[in-house]
Amino acid sequence: MRSLPRGATREDIEMMRRAIALAEQAAARGEVPVGAVIYREGVVLGEASNDREATGDPTGHAEVAALRAASIAVGGWRLSGCSIAVTLEPCPMCAGALVNARIERLVYGARDPKAGAVDTLYDLCRDPRLNHRMEVIGGVDRVRCGQLLTRFFRARRQERRT
231 MRSLPRGATR
241 EDIEMMRRAI
251 ALAEQAAARG
261 EVPVGAVIYR
271 EGVVLGEASN
281 DREATGDPTG
291 HAEVAALRAA
301 SIAVGGWRLS
311 GCSIAVTLEP
321 CPMCAGALVN
331 ARIERLVYGA
341 RDPKAGAVDT
351 LYDLCRDPRL
361 NHRMEVIGGV
371 DRVRCGQLLT
381 RFFRARRQER
391 RT
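All letters in the sequence shown, in the order written, are residues 231 to 392 by this note's numbering.
Keep in mind that the hints were calculated from the coordinates and are not lab data.
Mixed in with the good hints, there may be bad ones.
[What the hints assert, rightly or not] The calculated label-pair distances, taken between Cβ atoms and stated as ranges, are:
| hint | residue 1 | residue 2 | range |
| --- | --- | --- | --- |
| 1 | 345 | 285 | 15 to 21 angstroms |
| 2 | 362 | 240 | 46 to 52 angstroms |
| 3 | 326 | 389 | 20 to 26 angstroms |
| 4 | 390 | 285 | 41 to 47 angstroms |
| 5 | 251 | 323 | 34 to 40 angstroms |
| 6 | 330 | 285 | 36 to 42 angstroms |
| 7 | 381 | 306 | 37 to 43 angstroms |
| 8 | 305 | 254 | 40 to 46 angstroms |
| 9 | 330 | 384 | 42 to 48 angstroms |
| 10 | 237 | 322 | 33 to 39 angstroms |
| 11 | 373 | 326 | 23 to 29 angstroms |
[Claimed, not checked] Pairs of lysine to any residue residues, derived as SDA-like cross-links and limited to a Cα-Cα distance of at most 20 angstroms, are as follows:
| hint | residue 1 | residue 2 |
| --- | --- | --- |
| 12 | 344 | 366 |
| 13 | 344 | 368 |
| 14 | 344 | 377 |
| 15 | 344 | 387 |
| 16 | 344 | 379 |
| 17 | 344 | 376 |
| 18 | 344 | 373 |
| 19 | 344 | 290 |
| 20 | 344 | 288 |
| 21 | 344 | 362 |
| 22 | 344 | 307 |
| 23 | 344 | 322 |
| 24 | 344 | 274 |
| 25 | 344 | 243 |
| 26 | 344 | 358 |
| 27 | 344 | 298 |
| 28 | 344 | 303 |
| 29 | 344 | 305 |
| 30 | 344 | 304 |
| 31 | 344 | 381 |
| 32 | 344 | 369 |
| 33 | 344 | 301 |
| 34 | 344 | 306 |
| 35 | 344 | 310 |
Backbone N, C-alpha and C fix where the C-beta goes; we use that ideal spot for every residue, glycine too.
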C-alpha cells in the first residue's frame with residue numbers, strides 16, 4: 231500500500247474513496263464530478279455530489295449539500311469534530327460554508343486552479359481573521375480525482391464540437 235499523505239488517516243482514505251464514487255455518479259448524471267462526505271468517528275453524517283444542473287440551484291455544490299445532510303443528522307448547524315472528504319478543493323462559497331459550520335478537518339483531492347479557496351487562490355479555511363480555522367489535508371488521491379474532472383470536461387468539449 232502507498233504511504234498516506236501527510237496528516238491523512240486510513241479513515242480519510244476510505245471516505246475519499248466514497249466521495250470519488252459519489253463524483254462518478256454525478257458525472258453519469260451530467261453534473262460536474264465532485265463528491266463530498268462528512269464524517270465523525272467513523273460514522274458518515276452526510277454525503278452528496280454536485281446537483282446544480284438537476285436542481286438549477288447555484289449552491290448545489292457537493293459540500294453544501296453534504297453540510298445540509300450532516301446538519302440534519304446531528305440536529306444543528308455546528309459540525310464540530312467532523313471531517314469532510316471532497317474530491318476537489320472547495321471554492322470560496324464552499325470554503326466559507328465549511329468555516330461557518332465549524333468543520334474540524336478538510337481532506338480534499340485535486341487542486342482547483344480556477345476557484346480553489348483553500349490552497350490555490352485563497353486560504354479561507356486557515357485565515358486567522360475568521361472566527362474558525364480547520365486542519366487542511368490536500369492531495370489525497372489527487373490523481374484519480376483530477377482524472378475524473380479531466381475526462382468529464384474533455385467529453386463535454388467533444389460533445390460541443392460534434
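### Query
So which of the earlier hints does this model not fit?
Checked against the structure, the hints that fail are numbers 2, 3, 4, 5, 6, 8, 9, 10, 21, 22, 24, 25, 26, 27, 28, 29, 30, 33, 34 and 35, while the rest are satisfied.
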